[in-house]
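This is what each chain is made of:
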Amino acid sequence: MAPCCGPRMVMTGGEISDKVPGFLFWVETPAGKVPHISTSLTYNDHFGACMARWGINRMGYIVPPGCYAIGMPSPDSPVIVTANYKMSYDLIRSVLSGSNVWLLVLETFGVNVWCAAGKGTFGTDELVKRINKTALNKVVNHRQLLLPILGAPGVSAHEVTKRTGFSVRYSAIRAHDLPEFLNNGMVTTPAMRKISFTTYERLLLVPVEIILAMKSSVLISAVVFLTTLLANGYYAAILMVLAYLGAVLTGVVVVPILLPWIPCRSFSLKGTLAGIAWSTLFYFCAHGSTWSMTTTAAAFLALPAICAFHALNFTGCTTFTSRSGVKKEMRLGIPIMGSAIIVSVILLTIGRFL
Amino acid sequence: MTGLRYLKNVATLKLNQAACIGCGRCIEVCPHQVFALDGRKARIDDCDACMECGACARNCPVNVISVDAGMGCASGMINEWFQEHNIRVMKSNSCC
Ligand code: SF4
Ligand code: SF4
Numbered sequence: 001m002a003p004c005c006g007p008r009m010v011m012t013g014g015e016i017s018d019k020v021p022g023f024l025f026w027v028e029t030p031a032g033k034v035p036h037i038s039t040s041l042t043y044n045d046h047f048g049a050c051m052a053r054w055g056i057n058r059m060g061y062i063v064p065p066g067c068y069a070i071g072m073p074s075p076d077s078p079v080i081v082t083a084n085y086k087m088s089y090d091l092i093r094s095v096l097s098g099s100n101v102w103l104l105v106l107e108t109f110g111v112n113v114w115c116a117a118g119k120g121t122f123g124t125d126e127l128v129k130r131i132n133k134t135a136l137n138k139v140v141n142h143r144q145l146l147l148p149i150l151g152a153p154g155v156s157a158h159e160v161t162k163r164t165g166f167s168v169r170y171s172a173i174r175a176h177d178l179p180e181f182l183n184n185g186m187v188t189t190p191a192m193r194k195i196s197f198t199t200y201e202r203l204l205l206v207p208v209e210i211i212l213a214m215k216s217s218v219l220i221s222a223v224v225f226l227t228t229l230l231a232n233g234y235y236a237a238i239l240m241v242l243a244y245l246g247a248v249l250t251g252v253v254v255v256p257i258l259l260p261w262i263p264c265r266s267f268s269l270k271g272t273l274a275g276i277a278w279s280t281l282f283y284f285c286a287h288g289s290t291w292s293m294t295t296t297a298a299a300f301l302a303l304p305a306i307c308a309f310h311a312l313n314f315t316g317c318t319t320f321t322s323r324s325g326v327k328k329e330m331r332l333g334i335p336i337m338g339s340a341i342i343v344s345v346i347l348l349t350i351g352r353f354l
Numbered sequence: 001m002t003g004l005r006y007l008k009n010v011a012t013l014k015l016n017q018a019a020c021i022g023c024g025r026c027i028e029v030c031p032h033q034v035f036a037l038d039g040r041k042a043r044i045d046d047c048d049a050c051m052e053c054g055a056c057a058r059n060c061p062v063n064v065i066s067v068d069a070g071m072g073c074a075s076g077m078i079n080e081w082f083q084e085h086n087i088r089v090m091k092s093n094s095c096c
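Protein chains in written order, with the numbering used here: chain A, 1 to 354; chain B, 1 to 96.
Bound conformation, chain B alone (with noise of 0.2 Å):
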């Protein structure tokens, strides 16, 4: 995406080149081509633009990716972050 980025390392996306087969399934999926190929095999070429979306780690047939992913809203974030804190808050019945 031109223009707008987010933190830098943060993301937790991690790959296990040594398996990748090749197939290009985490290129097709990736909205933010976080991934190149080289040669048959897939590399993490931009991290950083990764959403953790969790489509790559999905659709990757021999399993070889690994992302924390969970997208949804902030709002459910804090909610989740206050109940980590154990800090008792309305519950909104507003979520994604």
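Chain A extracted, bound-state conformation (with noise of 0.2 Å):
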């Protein structure tokens, strides 16, 4: 799953011109000229892929709705439906090398398939204007539409047919299954169907969840430094901002990766236990048995539930969780968790008067 959460943006693809990426030539249509485009990827494209995983220029990371020519295609050639973040439209053009396809991308505004299905932009109404600005029913003869698995959440398919005479196939989930879905006679194969979440595609994940942590983690560390430091001078500030950003980091980058090896169904659970981990390892390195009873209780009490909290947060990312389900463990775990830092921070200050 490419990224979902990062910098909320309002930016539209603009208009199509012979600037889009990938553009070689100007394709002849009933319906007017349609940009030819590579399917080969350039330095830049990867590179660019790669600094929007660490959520950096994401904003610029657009291309324009309306309709594509791949290949050679013919008035009879498929039509596949995608969104205008650039990352999937360089994935689909790069796998669909040797087919020749019509590409029709939506306006979702930089946005991923699968999010912008959730969030609507990739829906009925923007296939349906689509179509009718294309004049799609002018490049094509047969009425018939490909669309992303993941799209789904956001397209009704009858509908969509009831306003403008196409029809909606759902092929695959990954973009990687189009050829064998177009050269099997457009068989989706149960493989082709069944999403997946693998350690990879998890530690994709990673790079933007870590700079969406840092903004509330640098504000809490500052404010941990200081009164540990007035408290309990230099040497305990370090420590405490230490063990702080260890718990953040292990919800953020461990939890996810070791998802299918850490026991437990429920996020919050992981990351307690993942928390706990951590907790036990910071006692062992920071020479825990010099520490107070106070300190070692506030230290098991506060980093897991840390550690848990940035680990629910994780649920938005993941292929699996139900939004139910992240209610049922905010209601019992949000409290918990809270409850937890407000008594270790009791029992540090009962400590430092001691």
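Simulated from the structure, these hints should not be mistaken for lab results.
Check the hints yourself; a few may be wrong.
Unchecked claim - DEER-style ranges, computed between Cβ atoms:
1) A:I257 with B:K41: 37 to 47 Å
2) B:G22 with A:V187: 11 to 21 Å
3) A:A31 with B:D68: 32 to 42 Å
4) B:I21 with A:K129: 37 to 47 Å
5) A:C285 with B:G24: 51 to 61 Å
Stated by the list, open to error - Straight-line alpha carbon distances no greater than 25 Å define the calculated PhoX-like cross-link-like pairs of lysine-lysine that follow:
6) A:K162 with B:K41
7) B:K14 with A:K119
8) A:K133 with A:K33
9) A:K119 with A:K328
10) A:K129 with A:K33
11) B:K41 with B:K14
12) B:K14 with A:K194
13) B:K14 with A:K327
14) B:K14 with A:K328
15) A:K138 with A:K162
16) A:K129 with A:K162
17) A:K133 with A:K119
18) A:K194 with A:K119
19) A:K194 with B:K8
20) A:K327 with B:K8
21) A:K129 with A:K119
22) A:K328 with B:K8
23) A:K33 with A:K19
24) A:K119 with A:K162
25) A:K162 with A:K133
26) A:K119 with A:K327
27) A:K129 with A:K19
28) A:K327 with B:K41
29) A:K33 with A:K138
30) A:K19 with A:K133
Here the structure is a predicted model, which means the values were calculated and not measured.
Glycine included, each C-beta is placed from N, C-alpha and C at the ideal position.
Both chains are sitting in their own frames, so use the hints and assemble them into the complex.
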């Protein structure tokens, strides 16, 4: 899954011109000229993708919506629909080298198919609008669109048919399966419908998660550092910040990567377990045996709670957690995490005056 | 999905099987193979695998599936949760 949460952006793809990524030449169609685009990515495309994964210049990671030609499509060639997130556009055109298809790009404001479908921008209205705007019925003779399965939460297939005459086929989850789908007479195999969440896919989400967590954790670190500095001195302040940042990183990096191997289904419990592991590690690395009772108790309460919070937050990026499940976890978990933090602050304060 | 499964007995998915016309659309769109086709009727086969994406409900031509759909980030839901409980929090502009 491409990163979903990122800085909010209000940006549109603009108009198709000869500046679109991969532009080779114009193709004449009864509905006007359409850009023929290359299926090989340049160094800049790869570099941009890498930056976007770190949340850098995601604002500019967008292509104009509209109709594109890949290969040498005829009026009988299939129409593949996608989002105007540049990474989706690049992925589709690179896997389709050797195919002749039309690519219909929807205006999703630079958001990938899955997240845009959830928000409704990859949706029925936009699809209908784009079909009309590109005069797709003049570009092709047939009346069928191929949509990614992950776009289905936003699109109502029967409504599209009612409003435009185009029927909707959901092809596959992953763009990589498109060539096989097209070459095998448009059959979706069971494997093509199965969503995955591999270690690699989870790894790709980590950078943006780190960037997002950084905002709050820099602020909290500063507060923790200053208060401890005043109360207990420089050495203690450094240790506190290290313990805190370790707990954040355990929740944001370690839990997502080790997800299937950490026991329990609940994300807050997974986070708690990982947090206990971090507390233990920190205890041994920072000479915990010299800590007071209250400090030890506070560490083992607060660190797992912080970690659990960040682990729970990761549910927003997964491909298998349900909203009702997350709600249930929050109803139970947030009060417990909050109490753990409050109790540990009280313990630390008591410890200071003992 | 192999290996990764979420909480049991929480998904809000409901199917009015009597009114189903057996078109198979729900099976086509569900990324977690929640539905199975029993003759001419769809059946919920694995409710706990449902991630409440809402694709099935939106694509059922006779509107016989309901699910409390809404994806999105936990941060967004945490904000929502705070609001429900009248706790004011910093407005963050990171979202989904
Ligand atoms: S809501 Fe999504 S995951 Fe749940 S059954 Fe429907 S399509 Fe499948
Ligand atoms: S989409 Fe609706 S009508 Fe079609 S099989 Fe599923 S439940 Fe039945």
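To see whether the hints hold, each was checked on the structure:
Take I257 of chain A and K41 of chain B: their Cβ atoms lie about 42 Å apart, and the range 37 to 47 Å holds. At roughly 20 Å, the beta carbons of G22 of chain B and V187 of chain A sit within the given window of 11 to 21 Å. With their beta carbons about 41 Å apart, A31 of chain A and D68 of chain B fall inside the hinted range of 32 to 42 Å. Between I21 of chain B and K129 of chain A, the C-beta spacing of about 29 Å breaks the proposed range 37 to 47 Å.
Distance hint check: the CB atoms of C285 of chain A and G24 of chain B are about 57 Å apart, consistent with the given range 51 to 61 Å. For the hint pairing K162 of chain A with K41 of chain B, the CA-to-CA distance comes to about 24 Å; that is within 25 Å, so the pair holds. Between K14 of chain B and K119 of chain A, the direct Cα distance comes to roughly 22 Å. Compliance with the 25 Å bound is thereby established for this hinted pair. Restraint check: the Cα-Cα separation between K133 of chain A and K33 of chain A comes to about 13 Å, which is no more than 25 Å; the hinted pair holds.
Note on K119 of chain A and K328 of chain A: the hinted pairing holds, with a Cα-Cα distance of about 22 Å set against a maximum of 25 Å. As the CA atoms of K129 of chain A and K33 of chain A are separated by approximately 19 Å, the hinted pair is consistent with the 25 Å bound. For the given pair, K41 of chain B sits about 14 Å from K14 of chain B by alpha-carbon distance, which is consistent with the 25 Å threshold. For the hint pairing K14 of chain B with K194 of chain A, the CA-to-CA distance comes to about 21 Å; that is within 25 Å, so the pair holds.
In summary, the hint linking K14 of chain B to K327 of chain A is supported, as the alpha carbons are separated by about 18 Å, within the 25 Å threshold. At most 25 Å may separate the alpha-carbon atoms for a hinted pair to count; K14 of chain B and K328 of chain A meet this at roughly 19 Å. Between K138 of chain A and K162 of chain A the alpha-carbon distance is near 18 Å, which keeps this suggested pair within the 25 Å criterion. For the hint linking K129 of chain A to K162 of chain A, the alpha-carbon distance of about 13 Å falls within 25 Å, and the restraint holds.
Only pairs whose Cα atoms come within 25 Å are accepted, and K133 of chain A paired with K119 of chain A is accepted, the gap being roughly 22 Å. Pair hint K194 of chain A plus K119 of chain A holds up; C-alpha atoms about 22 Å apart against a cutoff of 25 Å. Taking the CA atoms of K194 of chain A and K8 of chain B, the gap is about 20 Å. The hint holds against a cut of 25 Å. A distance of roughly 13 Å separates the Cα atoms of K327 of chain A and K8 of chain B; the hinted pair therefore holds under the 25 Å criterion.
Between K129 of chain A and K119 of chain A the CA atoms are separated by roughly 17 Å; this keeps the pair inside 25 Å, and the hint holds. Taking the CA atoms of K328 of chain A and K8 of chain B, the gap is near 11 Å; set against the 25 Å cutoff, the hint holds. Taking the CA atoms of K33 of chain A and K19 of chain A, the gap is about 14 Å. The hint holds against a cut of 25 Å. For a cut-off of 25 Å, the pair hint linking K119 of chain A to K162 of chain A stands: about 22 Å separates their Cα positions.
Distance check on the hinted pair: K162 of chain A and K133 of chain A sit about 17 Å apart at the alpha-carbon level, within 25 Å; holds. The suggested pairing of K119 of chain A with K327 of chain A holds, with an alpha-carbon distance near 19 Å, which does not exceed 25 Å. For the given pair, K129 of chain A sits about 23 Å from K19 of chain A by alpha-carbon distance, which is consistent with the 25 Å threshold. Among the hinted pairs, K327 of chain A with K41 of chain B is inconsistent with the structure: their alpha-carbon atoms are about 31 Å apart, more than 25 Å.
A hinted pair counts as satisfied when its Cα atoms are at most 25 Å apart, and K33 of chain A with K138 of chain A qualifies at roughly 12 Å. Between K19 of chain A and K133 of chain A, the direct Cα distance comes to roughly 20 Å. Compliance with the 25 Å bound is thereby established for this hinted pair.
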